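Respectively, the protein sequence lines represent chains E and Z. For the first sequence, our numbering gives the first residue as 1, with consecutive numbering after it. For the second sequence, our numbering gives the first residue as 1, with consecutive numbering after it.
Just so you know, these hints were derived from the structure itself, not from any lab. Here the structure is a predicted model, which means the values were calculated and not measured. Among the hints, a few may not be true.
Result set (BS3-like, lysine-lysine): computed pairs, CA atoms no more than 25 Å apart in a straight line [unchecked claim]:
# : chain 1 : residue 1 : chain 2 : residue 2
1 : E       : K258      : E       : K276
2 : E       : K351      : E       : K258
3 : E       : K345      : E       : K258
4 : Z       : K468      : E       : K81
5 : E       : K81       : Z       : K267
6 : E       : K81       : Z       : K272
7 : E       : K276      : Z       : K468
To give an idea of the interface, some chain E residues facing chain Z are shown, with a C-beta separation under 10 Å as derived from the structure [what the hints assert, rightly or not]:
#  : residue
8  : F79
9  : C142
10 : V154
11 : R284
A virtual CB, placed ideally from N, CA and C, is assigned to each residue, including glycine.
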Amino acid sequence: MALRNIMGKRVGIGLMGSRALSTATCDVESGSAKSINLYSAINQALHVALETDPRAFVFGEDVSFGGVFRCTTGLADRFGKARVFNTPLCEQGIVGFGIGLAAMGNRAIAEIQFADYIYPAFDQIVNEAAKFRYRSGNQFNCGGLTIRAPYGAVGHGGHYHSQSPEAFFCHVPGIKVVIPRSPRQAKGLLLSCIRDPNPVVFFEPKWLYRLAVEEVPEHDYMLPLSEAEVIRQGSDITLVGWGAQLSIMEQACIEAEKDGISCELIDLKTLIPWDKETVEASVRKTGRVLISHEAPVTGGFGAEISASIVECCFLRLEAPVARVCGLDTPFPLVFEPFYMPTKNKILDAIKATVNY
Amino acid sequence: MANWVRISSRSIGNHIRKRMNQGFIGSAVDINKSSGSSSALHGGRTVCDRNRRYLNSLPWNRATLFWFQRFKSTVAEKQQDSFLSSDTDDDQLSLDFPGGKVSYTSDMNFISESSQTRVPCYRVLDDDGELIKDTDFQQVSKEAAVKMYSKMVNLQIMDTIFYEAQRQGRISFYLTSAGEEAINIASAAALTEQDIILPQYREPGVLLWRGFTLQEFADQCFGNKADYGKGRQMPIHYGSKKHNFFTISSPIATQLPQAAGIAYSLKMDNKKACVVSYIGDGGTSEGDFHAGLNFAAVMEAPVIFFCRNNGWAISTNVWEQFRSDGIVVKGRAYGIRSIRVDGNDALAVYTAVSAAREMAVNEQRPILIEALTYRVGHHSTSDDSTKYRQSDEIVYWKNARNPVNRFRNWVQSNGWWSDQQETQLRSSVRKQLLEAIQVAEKTEKPPLSEMFTDVYDYPPPNLEEQEKHLRETISRHPADYPSDIPV
């Protein structure tokens, strides 16, 4: 997978090579695969979803012509305006409408144009979607609802085109939160989310829409939810992350290797319900943990992972749990390079943790 | 004076005179002169006054005067365009904009904030329950009328007894639909069983109409193991899949955009059915009201938005809720056909909902119904409404404007009901209710395991772990926990 670092410079291939070390099981058959980018992988997943389920719908602002990130290209032409359509500019309406559609047994795939704009829908997501099944005693459910939103830093997004709001949603029992790291992951995970009988919020790292290119199988395949993946094996320290941040973390791992530090890198993939078992097994092996995410450090999901690890593995830990995250500021424009959890910040923290 | 003066024509002259009369153009000095003949002014003097007030508030400096000059020349240009038009009125010419053609006018007029008169309210029966002469309404058979009336009585008694049960500490909470029995029952009666209900929370009569038993109501209020909601929510949060009645949730208006989605699904499936979603006057202030109506209109979804305007949102009177003429006028803002009905007139409600349903289903469009009524009861058992409104107002509506009595008069005057039947019905329902409450009270609560199910389709590992841990805690400290919940 070809990547660029935050300054736009092309960096080494990482994740492609380490796929061989992946311990995850998936039902990706060996078939033909094509080298495509993230938005194309998402697009393929949506085509498959609509093709395989006549009750699947895709809707949101501007999805009809293909979407502002081209994720929905070709869907309206192929499946018609009744199934793929623009909605009025109203996130609470998009999600509320989606809940209603899903409650009738349809697969409602709602797009929120930027994760930064998801908040008007927060009431519908937290008070309605997440509780729909529980409060009705399982008479009703809106499991067919999937909400997709581009999230994360993009180099020039500033306050309102760069946010990572996953932590808000991780605090809500009843929904799932899933974040893919690459095109191949995205297609398989998105199809799983769409088909999962629970409402899911799927955050897509917009930074990787065009920049991440990977071999993606052309057929219909799914990757399991709530299963973390060890994408790089190591013995000295466990790193946990998700989404675009993983490629930054991987670069840090590669450099740490040069200093003789063996890093184990885990892609959480599903943030709730998260795969504590895989992370715990790794920590028992290494005795050290570092978590990294773009979202501000205070109250970020890294705090949940840290607290959980300390609870289960306190005596095994050789050092405090490290978090290398965004700062506690609104996402700044010109100061983005300073805000971001960079490779070197991670590398410094790896060394500090190992040398504790 | 600018060069436009040279282009003298009657039309221009007239136009300028208009403008000067409005006090809009001309020397700033004249600005306070009252307008003379302003025949072309729409809305009369008021518009002029308003403009003047606006103009007076402008800072008077050279920049402002320059602005006036600029306006003059813009006017002149337009006048030149229409120079050859024989009309003094520019309204014939139309402009193309996204959204379609619109005619333009050079008269600057604001649409008034309200009409001269309020939208009238459709009613069939007068306050005494007599049919108003020459009224349009949907005839109701004896069977239907007696059923409707009986259910209204059912609802009244159910409300009274459950309310008392809360006061006695037997259930934790209750809210009544007192005063809104006609809305509840008559609207339900006009629908079919395939129509899907998305309630707010003051519509249990719809469930009652559809056959939800008094026992089922009681079970939910007691949160016992027979409660379909498995004891998870407060009383009155009913839901019944078999009756196509979606489970009530406390947040206000959230059901409205969901109604649009559900209706869209019915549309996709070509079902001859619609969605009916209820909301109170207060709920129309929520963003979800706007979202729901707009989506339903754009998606051409068969939803009936039924607004129970009962005058109060807890202690907030409608004057503090909105400044529009109620809710009916808002329909047009979304391109939705709307009607205002007397919510205390069962026949009017029945007729309006029947007509609305037909339009919704046959034309695949949303409809807005505003039913005017009064919330006779307190907001809930947690409220004492005498703290914010007059007792005699409440008594007036409870007695003189009672929808149940009114419909009873009509039913009885048709010879379809008698005082004897009334007494029998009331005592029978009361007895059934007291029994249902006794049974519900004695019925076991749902087991502890039901706390952890249905959060997801299957409990994830963290919930399994938490349940295990909780059970260990319970065995160590059983006194901390209610004994009526099987562990």
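Checked hints:
1. E:K258 <-> E:K276: violated, 29 Å
2. E:K351 <-> E:K258: OK: K351 (chain E) and K258 (chain E) at ~12 Å, within 25 Å.
3. E:K345 <-> E:K258: holds, 16 Å
4. Z:K468 <-> E:K81: violated, 49 Å
5. E:K81 <-> Z:K267: holds, 14 Å
6. E:K81 <-> Z:K272: Between K81 (chain E) and K272 (chain Z) the Cα gap is close to 21 Å, so the pair holds against 25 Å.
7. E:K276 <-> Z:K468: holds, 16 Å
8. F79: violated, 12 Å
9. C142: With a closest approach of 9 Å, the C142 (chain E) hint holds.
10. V154: Violated, because the Cβ-Cβ distance from V154 (chain E) to chain Z comes to roughly 28 Å (cut-off 10 Å).
11. R284: Because about 17 Å separates R284 (chain E) from the closest Cβ in chain Z, which is outside the 10 Å limit, the hint is violated.
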